[in-house]
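Knowing the structure of chain C, use the given hints to seat chain E on it.
So the sequences go chain by chain: C and E. If you use our numbering, the first sequence corresponds to residues 18 to 488, in order. If you use our numbering, the second sequence corresponds to residues 18 to 488, in order.
Simulated from the structure, these hints should not be mistaken for laboratory data.
Put simply, identical chains are the same to the list, so a pair is met inside one copy or across any two.
Simulated pairs of lysine-lysine, DSS-like, Cα-Cα distance not exceeding 25 Å:
#1 K170 to K270
#2 K262 to K64
#3 K176 to K270
There are 2 protein chains.
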Amino acid sequence: MRTYIVLIAAATVVIGLTLFVFIADQRPKEVVSEGEVQSLELKNGMKVVVQENRRAPVVVTQVWYRVGGSYERAGITGISHVLEHMMFKGTEEMPAGKFSEVIAEHGGRENAFTSKDYTAYFQRISNEHLELCLSLEADRMRNLLLSEDEFLKEIEVVKEERRLRTDDKPTSLTYERFYASAFANNPYRKPIIGWMEDLNSMDIDDLREWYQTWYAPNNAILVVVGDVRAEEVFSMAKEYFASLKPADIPELKPRTEARQYGIQRVAVKVPAKIPFLVMGYKVPVLNTADNSEEVYALELLAGLLDGGNSSRFSKNLVRGSQLATSVSANYNLYALHDSLFTLSAIPASGVSTEQMENAIIEQITEIQQEPPTEAELARVKAQVVASSIYEQDSSFYQAMKIGILETVGLGWTTMDEYVERINAVTAEQVQHVAQKYFVEDQLTVAVLVPQPIDGQTLAGDALGAGDRHAH
Amino acid sequence: MRTYIVLIAAATVVIGLTLFVFIADQRPKEVVSEGEVQSLELKNGMKVVVQENRRAPVVVTQVWYRVGGSYERAGITGISHVLEHMMFKGTEEMPAGKFSEVIAEHGGRENAFTSKDYTAYFQRISNEHLELCLSLEADRMRNLLLSEDEFLKEIEVVKEERRLRTDDKPTSLTYERFYASAFANNPYRKPIIGWMEDLNSMDIDDLREWYQTWYAPNNAILVVVGDVRAEEVFSMAKEYFASLKPADIPELKPRTEARQYGIQRVAVKVPAKIPFLVMGYKVPVLNTADNSEEVYALELLAGLLDGGNSSRFSKNLVRGSQLATSVSANYNLYALHDSLFTLSAIPASGVSTEQMENAIIEQITEIQQEPPTEAELARVKAQVVASSIYEQDSSFYQAMKIGILETVGLGWTTMDEYVERINAVTAEQVQHVAQKYFVEDQLTVAVLVPQPIDGQTLAGDALGAGDRHAH
Numbered sequence: 018m019r020t021y022i023v024l025i026a027a028a029t030v031v032i033g034l035t036l037f038v039f040i041a042d043q044r045p046k047e048v049v050s051e052g053e054v055q056s057l058e059l060k061n062g063m064k065v066v067v068q069e070n071r072r073a074p075v076v077v078t079q080v081w082y083r084v085g086g087s088y089e090r091a092g093i094t095g096i097s098h099v100l101e102h103m104m105f106k107g108t109e110e111m112p113a114g115k116f117s118e119v120i121a122e123h124g125g126r127e128n129a130f131t132s133k134d135y136t137a138y139f140q141r142i143s144n145e146h147l148e149l150c151l152s153l154e155a156d157r158m159r160n161l162l163l164s165e166d167e168f169l170k171e172i173e174v175v176k177e178e179r180r181l182r183t184d185d186k187p188t189s190l191t192y193e194r195f196y197a198s199a200f201a202n203n204p205y206r207k208p209i210i211g212w213m214e215d216l217n218s219m220d221i222d223d224l225r226e227w228y229q230t231w232y233a234p235n236n237a238i239l240v241v242v243g244d245v246r247a248e249e250v251f252s253m254a255k256e257y258f259a260s261l262k263p264a265d266i267p268e269l270k271p272r273t274e275a276r277q278y279g280i281q282r283v284a285v286k287v288p289a290k291i292p293f294l295v296m297g298y299k300v301p302v303l304n305t306a307d308n309s310e311e312v313y314a315l316e317l318l319a320g321l322l323d324g325g326n327s328s329r330f331s332k333n334l335v336r337g338s339q340l341a342t343s344v345s346a347n348y349n350l351y352a353l354h355d356s357l358f359t360l361s362a363i364p365a366s367g368v369s370t371e372q373m374e375n376a377i378i379e380q381i382t383e384i385q386q387e388p389p390t391e392a393e394l395a396r397v398k399a400q401v402v403a404s405s406i407y408e409q410d411s412s413f414y415q416a417m418k419i420g421i422l423e424t425v426g427l428g429w430t431t432m433d434e435y436v437e438r439i440n441a442v443t444a445e446q447v448q449h450v451a452q453k454y455f456v457e458d459q460l461t462v463a464v465l466v467p468q469p470i471d472g473q474t475l476a477g478d479a480l481g482a483g484d485r486h487a488h
Numbered sequence: 018m019r020t021y022i023v024l025i026a027a028a029t030v031v032i033g034l035t036l037f038v039f040i041a042d043q044r045p046k047e048v049v050s051e052g053e054v055q056s057l058e059l060k061n062g063m064k065v066v067v068q069e070n071r072r073a074p075v076v077v078t079q080v081w082y083r084v085g086g087s088y089e090r091a092g093i094t095g096i097s098h099v100l101e102h103m104m105f106k107g108t109e110e111m112p113a114g115k116f117s118e119v120i121a122e123h124g125g126r127e128n129a130f131t132s133k134d135y136t137a138y139f140q141r142i143s144n145e146h147l148e149l150c151l152s153l154e155a156d157r158m159r160n161l162l163l164s165e166d167e168f169l170k171e172i173e174v175v176k177e178e179r180r181l182r183t184d185d186k187p188t189s190l191t192y193e194r195f196y197a198s199a200f201a202n203n204p205y206r207k208p209i210i211g212w213m214e215d216l217n218s219m220d221i222d223d224l225r226e227w228y229q230t231w232y233a234p235n236n237a238i239l240v241v242v243g244d245v246r247a248e249e250v251f252s253m254a255k256e257y258f259a260s261l262k263p264a265d266i267p268e269l270k271p272r273t274e275a276r277q278y279g280i281q282r283v284a285v286k287v288p289a290k291i292p293f294l295v296m297g298y299k300v301p302v303l304n305t306a307d308n309s310e311e312v313y314a315l316e317l318l319a320g321l322l323d324g325g326n327s328s329r330f331s332k333n334l335v336r337g338s339q340l341a342t343s344v345s346a347n348y349n350l351y352a353l354h355d356s357l358f359t360l361s362a363i364p365a366s367g368v369s370t371e372q373m374e375n376a377i378i379e380q381i382t383e384i385q386q387e388p389p390t391e392a393e394l395a396r397v398k399a400q401v402v403a404s405s406i407y408e409q410d411s412s413f414y415q416a417m418k419i420g421i422l423e424t425v426g427l428g429w430t431t432m433d434e435y436v437e438r439i440n441a442v443t444a445e446q447v448q449h450v451a452q453k454y455f456v457e458d459q460l461t462v463a464v465l466v467p468q469p470i471d472g473q474t475l476a477g478d479a480l481g482a483g484d485r486h487a488h
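For reference, chain C alone in the conformation it holds in the complex (with noise of 0.2 Å):
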């Protein structure tokens, strides 16, 4: 979800980046310098994308595999995630739990996020352990114990997430529930957590096939930011990664969602203090999509609608009309499938969560009848571009943006055309991808339907007027 208080904090930043970002663009492409990012592929397979960046003498080091949510079948749903967290559970050379001693030793900080397309592993550390970082991660790419005892002791501590994260979240509730309904044949219907019914049926089998399926040099692309050379980032790669041996990787079935013939519902009722309502619709991705003008288009949409203090969003329906608390429009164009553009809310208080959807379809009437001014979709426009910059200002999203478009298959070079695509949509082009993909039939709805706390009667009405301007 976007949130305000990055896109103000983003705000601050735009002038100076943007003029960045004009410099870099001038810059002639051939000449490999500071800021250019460089890649090699081992005859393995694997890859290894390297961005030099000399602000700080600091390295992200990040190793991302082909497999997350989107890659399971049904019946292990969260494996990927499980098998994230059995990935610090040892090797013969680093006993369970080494690993993040071993880089915090040297001052390192280290983790791992799962989701719908991809896994990956980072440490971020002084550059002068890079090595150590490569041959830690080389040697738990194909050497991983997956101990029994591990595992029975690491799925319960996976349980405890998903009850912390997911059922004890209204509002993380409601998205699950959203997305289950409203896909019916796409995989990013299941939860990157998995079913709880899943995780416990899940056993050390599942893990080692897992394992074995997807973790191999061929299915992984390491990406170093930070104040190192490339040249010497290969060649380390090459010393720790290149004996690996690959991995006959399964090609996926497509998935291909079956056809929507008309609006799904589901509903929520869970205990919790504030209704919530998401909507989305179908749409394509810039992996998936015929025309990719649309993907930009619909991009443009997303910061049309949500996109800081100006946007319609908090114009009409936060500020304007006070029905809401808060509302966001949020659209990933760089997913491996086909995915949703999703509009939720928190109706200001004595809202109700029908009227919420009400006002959130006119505003998309809005654009449907009429396309932005040139005036909205230059500011717009610029608020887009300023928030993707912002997220290079740091070496890691830096790194994670090569690796999120390495692993859905667009490749890095993707995020150089972002800006000049983004700037060539027109007024009518945002107008037209309303139209096309905000039909009422590709639409699903999920409300959380608040139930008592406790057996306390709803405190909706506990927030106060002023609560609602809480963006």
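Chain E alone, transformed into the frame defined by chain C:
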């Protein structure tokens, strides 16, 4: 779906059959006589079940495989059914199409069917040709050619079948989307025929893997019913099937349904003349229930709502209030996984699906508030038992019942308990299951919203009042 036509027909044979069952029930169990079921397990794990029945010099042969729609992973939905088609497309001994030809030449009829939990192949033939059937079935159990050419032709046949039976049939399409919306994790959410999108990406390698995985003697059951001697069938079965090698059959993950937190709704807007409503509550089945009494109470409840002219739906919604053209209740207690108790209806002309839904809910509320009288219960029990017995009046359905019970893991002896268990259900148990399972938060509702056909206006009003009683 239960249909009134069948039930009315059933009613005409009730008296004779009730007598028959009573006699069967009193017969000493240890005597192996006509009508008794005998079974044997071959050393390779294949089960053979025989029921002698000398009414006519005919034999029904069925080979059942424990595989079907619910075994399939996303991305290859429909593969069990495609493989069923391919089973007629040739072995070394019997070229494509020859199987059916040979059976026909011997005056037999043959076909096959795929369901959620099983795939079965059958022949009905003069009893002297039993051996021919067994030799042909043994041959294709392990020696199927699966040629790519045949596959490329047959997949088009299957797609055409899908268009005919699902895409161009609004009620089927509504059922399909209903199941997809109702379940989040339970494998019954996927259509047996498969999503068209998956059929489009299926290839011969998928079929080969599916066949290798599931088609083996230790995953098959041979059921023979008719004018045969069990001992002869057993010895023939040994001759043809005992030499077939067993396979390592994978154990499926439980696929327990993820918890539902509120009502789910889906609209299906397609060209059609008449609206249609399907409602479903999540319920256990005999295989999954903690308390099997509940399962038989649900079975009786289905009969109470929809079991002939004196059932509540017929009396109150079709004839009484004239709200519905037809209403039916459906529950299948013999399934592998948890299932849905479904209530479907065609509203009478001028009645909205909302009114229809409310009227059905009202019927349910009545049972929740007040148990049925003893008189009603006795009448419903007689109907339910008769309807079950009527199915047994054909060798084919006798064999089917055995095959279903064996493939879902209950065992054929379960059918002997049916009458006794149904008769033991109390009025309070019927009320209890209605209260326990028919709760809004576990409900899914699908509505067919007719759209103009070829640009015509809606023709729903063309349904005259006279059609209201067309059950």
